[in-house]
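Visitor: Residue strings, one per chain:
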Amino acid sequence: MNLGSLLTVNGLPIAEVAHLLALTTQIEKMHPGERAKLLQGRRIALLFYESSTRTRTSFELAAKSLGATTTLVSDKSSSIEKGESLKDTGLTLRALGAECIILRHPASGAPELLERTCNLPVLNAGDGMHQHPSQALLDLRTILTRLNLDAATAHAKSLDGVTIVITGDIRHSRVARSNAMLLPRLGARVILCGPPELLPQHAIEGLATDPAATGWIEIIRDFDLALTLAHAAPHGCVAMMLRIQRERLAGLELDLADYIAHYQLTTERLATHAPNALVMHPGPMIRGLEIAGEVADCPNSAIEQQVTHGLAIRTALLVRALGATP
Amino acid sequence: MTPDLLIRNAHALDPATGLDSPRDILIHHGRIAAIELPGILPAGPEELDATGLTLAPGFIDIHVHLREPGQTYKETIATGTRAAAAGGFTTVVAMPNTLPVNDSVASLHWMLSPARNAAVNLCAMPAATLGSLGETLSDYEALANAGAVGFTDDGKPVLDSDIMWAALVASARLGLPISQHAEDTRLTGGCSMNFGPVAFRLGLRGMTIEAESNIVERDIQLLRDIEKVEGLRPHLHVQHVSTAKALAAIRLAKQQGLHVTCEAAPHHFTLTDEALEHFDTNAKMNPPLRAESDRQAVIAAILDGTVDCIATDHAPHAAYEKEVEFERAPNGITGLETALGLALRILHRDHGLPLAKIVTLMSTNPAQLIKLHDRGNLKPGSHADLVLFAPAAAWTYSAEVSLSKSKNSPFDGAPMLGQIHTTLSEGRIVHRAS
Ligand SMILES: [Zn+2]
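Chain order of the listed sequences is B and W.
Residues 1 to 326 (this note's numbering) make up the first sequence, in order.
Residues 327 to 760 (this note's numbering) make up the second sequence, in order.
Here chain B stands alone, though its shape is the one from the complex (with noise of 0.2 Å):
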C-alpha cells in the first residue's frame, strides 16, 4: 500500500486524521506565496470517469493553490481511450509523469485496483456506493468548527458527547458509508434514519467495523424521533441529510411524495425537534426533495463551509500524498 494514498476511511488510524487535520490548519495558516511553493512543479492527474463539478473543482483549486500543475483526464474528455483498462490509463498517466492520481469511479475499489496496478499514490475522490474519504474528513472538520470544537486536532475523544442524525439514502451514499465509519471513531454517537429500502437493517453490521470506537452508531427509522435525541446530545448535533441518488434507485419502489413527508428536512420539524442542530448536505441538493431550500440557507446550515473545509483538507492530502513538508 502506498502511503500517500487515502482509498477508504475504514482503519484510517486517528493518528492519520489528526496529522491530516493539523497539516490543513498548518497550510491554510501559511502565506499564499508560500503555500504555492510547497508543490511546485509537481505532476498531479485528476482522473475522473463519473464527472463532478464540486469535487473535481475542489481538488483541482487545492493542487494549483500548492503550486502543482494538474492534468484532467474524464470520460468527456478523448482521453480515456474507448476500452482501455483503468490499470492501463493509470500506467500511461504515470509514464507522462503524474505522481499522484485523484480517482473519481463509478465501480467500488476502483481506487484499490489502480493503486495495485499503478503503485502511485492515489486519492480516492469517491467510488461507486464505496467511499468518500476526503468528503468525511472535511465533514469531520465542519463538525469540530462550527460545534467550537478543537479543528487543528483529533483523537477517540473528539465528539464525545456529539451526535450525528445520517438521514436518507445511506444504501447508496458513499458519504455516508465515510462518515458512519470515521465519527463514531472520534467518540460521536451515529444514528442513521432512512426507510429499509434505503437503510438495510445489516447497514449497522457492515459499518460497525471498528470494535474500540468509543462511540456508537445505530438505527432509527423515526426521523423526528431522531432529532429529538440528538438534540439532547450535550456537545452538540448534526442533522446530516444524503441526496436521493434516483439513478441508482433502478428497481426500487420509492415513494417520493412518502419520503419528503417522513424524511424531508424542513423548518418546521428542524424547529420542533432540534432547533440548534447543525445541518450538513455533501452537495449536489435537490432542494425541496430531501431539504427545504429554506433549510438549507438558513443559520444552522453549515453546507457552503463544507465546500470551504472541502478544499482546506484537499491541500493537506496533495501535501501528504507526494510527502512535502510544510
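Don't read these hints as lab results, they were simulated from the structure.
As the structure is a prediction and not an experimental result, all values here were calculated from the model.
Some clues are possibly wrong.
With a cut-off of at most 27 Å between alpha-carbon atoms, the simulated DSSO-like pairs for lysine-lysine come out as follows [stated by the list, open to error]: (1) W:K733 <-> B:K87; (2) B:K76 <-> B:K87; (3) B:K76 <-> B:K64; (4) B:K29 <-> B:K64; (5) W:K683 <-> W:K571; (6) W:K482 <-> W:K697; (7) W:K648 <-> B:K87; (8) W:K697 <-> W:K733; (9) W:K648 <-> B:K82.
Given chain B, work out where chain W with the ligand should sit, using these hints.
Guide: Same frame as chain B, but now just chain W with the ligand:
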C-alpha cells in the same frame, strides 16, 4: 504398454472396499492386478516405495472448466489436466461453457479426442440446452452414446421450469444426472458478491441466499412431480452449493428418498465474503463466498453426508481479465491443486473428518455419481488411477508454480495440509512431486 509396477508399503485407503491398512499393489497393463499385504507380491521390474504415504483411488472432479475450445489463453485440456494430476485428480469432468458451447456430438468427440493430450481421464458434461441458452434441449441420447456423463448449462441455470422438467425427464431415461447451477438470475442482475453486511460496507450489490435456494427448491419439487406424473426417477445434481438454506432443502429431499446429489467447493468451506475486503478479484466467484454461518453449514452438510462430493469448479482466467474493477471481473478461481490441501486442513484437521471420508468425497462418490464403475476404487481389475499423498505434510501453496495456465487463486500463499506425492493415471505416472 507400460511395464508392470509394484507400489510397496503404501497405506491403502479405499472406502469402496473398506480397506484402510498397509498394502502392496501391483499394476499390470494399466489396471490394478493385485493388492496384498506387504511382502507377499513378488518383486517387479519397477518398484515404487510408498512408505509413509497414503494410497487412494485417484480423485475425480466432476466440475472443471478447461476452456478448450475457444479460450486456450486461459487453459487447455492439456494444461488443465496436468494441473489436475498435480492435485491428485485422475478424472475430470469438463463443463460445456466453452466457445462454442459443447452441445453436440461433434464437439464432444473433438473434446474427448486423444489429440487434445489430456494427462488424465477426461469426461464431459455437454450442455443441457443448445448453446446453454435455456430454450431447446440438446440431443441427450446421441450425446450419451458419445460418452456424456451428464448434462449441465453450468455458468447459468436452466431457468425455465418447463425446460428443466423436460431435461430431467430426458436424462432420467438415460440414467444420467442433470447438473444444475442453482441461481435465479432474475434476482442477481448487477450483483457481484454475497448479499449482506460485507457487501453493504463495500458498496457492492449482493446475491441473496434465495437466488440459490429458490432454484434448488423448485428443482426438487420438479423431481417429486416427475416421479408422480411420469413414473421416472430423475437424478438432480446440485452444483457448488453455498448456502445453509439450499443445503437444508437438499437434506430434506434426500430424506424423502428423492434422487438428489450435490457438491461443495473447497473455497466455500474455507473462505467467507470477508475475503473480498480489499476487492480481491481472485476471490470473486459464483456462487459467491458467503457469510460464516453459510460456510459452517457447508461444513456441517459435508460432515453429515448431505454433500456427496467435493468439486473444485476450477475456473481459470488470465491475469489481465481479473485485473479490472471488481464488478467487471469474471467469476471463478483455479482450484485443482489446492483441493486436497484445503480439504485436509479444514475438514480433516479442523473438523475431525476421517481421511477415509475425504477419499469418499473426492473419489468414491464422484465415481458412482457419474457411473465410473472401474475407477474410484482399488479393486483388482479397476483402472490404476491412483494417488499417493503425505497426509500430514504441511506446505504453502504458490500460484506462481501452478501447472494451470492461469494463476487466479485466492489461496496464493495459503497454508495447506497433505501433499500430493505421485499421481498415476491408468498405471502411468502423470505427476510426481519435485
Ligand atoms: Zn456454476
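Visitor: Quick check: which numbered hints come out false for this structure?
Guide: Violated hint: only 8; rest satisfied.
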